[in-house]
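Asker: Sequence:
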Amino acid sequence: MEASERPPARKKPLIKWQRPNTHVLYALVPAVTASVYYFGWRALYTIALCVGAAVATEVACQKFRGMKVTVSDGSAFLTGLLFAYVMPASQPWYVSIFGSAFAIAIAKHAFGGLGCNIWNPALVARAFVPVSYTHLRAHETASFISYAVFCLKRG
Numbered sequence: 044m045e046a047s048e049r050p051p052a053r054k055k056p057l058i059k060w061q062r063p064n065t066h067v068l069y070a071l072v073p074a075v076t077a078s079v080y081y082f083g084w085r086a087l088y089t090i091a092l093c094v095g096a097a098v099a100t101e102v103a104c105q106k107f108r109g110m111k112v113t114v115s116d117g118s119a120f121l122t123g124l125l126f127a128y129v130m131p132a133s134q135p136w137y138v139s140i141f142g143s144a145f146a147i148a149i150a151k152h153a154f155g156g157l158g159c160n161i162w163n164p165a166l167v168a169r170a171f172v173p174v175s176y177t178h179l180r181a182h183e184t185a186s187f188i189s190y191a192v193f194c195l196k197r198g
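Everything in the sequence shown is counted per this note's numbering, starting at 44 for the first residue and increasing by one.
Hints were generated in silico from the structure; no laboratory data involved.
Values in this document were obtained by computation on a predicted structure and should not be read as measured data.
The C-beta atom is built at its ideal place from N, Cα and C for all residues, glycine as well.
Treat the hints with care, since some could be wrong.
Using C-beta positions, here's what the derived DEER-type ranges look like [stated by the list, open to error]:
1. V79 to G109: 35 to 41 Å
2. Y176 to Y69: 29 to 35 Å
3. T113 to Y81: 32 to 38 Å
4. Y137 to L71: 21 to 27 Å
With the sequences and hints as input, model every part of the structure.
Answerer: This is the structure:
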């Protein structure tokens, strides 16, 4: 039996996740499953748009700032996923993209990047969307809101 000097070379993984982000993503898998079950494939479409826009914005912001691109840490993926979870599956596609981009560019990178943000970027984007896209809520009437808040039906 011969002994070699070193083990065979392994390919470097495409995405290297940080341990805490990995555990959070594993914990969120049942929520993805439930959202697709209850809201259909539109929920998966919204999740894909939010995550894709968040990751693309992360790359663009880091290149613009002259930083090393660290998409492999999973933080942008997690921010996009969390933003998709707090938004309705029926929202227009552009709201998903602009909300995720706002979360990364303004709520995260404007404050210095990973670990320097003072608020959760996904929730800052959640607050940004109703203010920026008021036309999406214009159809809500007092009876609709009273039903949504107090479960009171008209008539």
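Asker: For every hint, state whether the structure bears it out.
Answerer: Checked hints:
| no. | hint | in the structure |
| --- | --- | --- |
| 1 | V79 to G109: 35 to 41 Å | holds, 39 Å |
| 2 | Y176 to Y69: 29 to 35 Å | holds, 32 Å |
| 3 | T113 to Y81: 32 to 38 Å | holds, 34 Å |
| 4 | Y137 to L71: 21 to 27 Å | holds, 24 Å |
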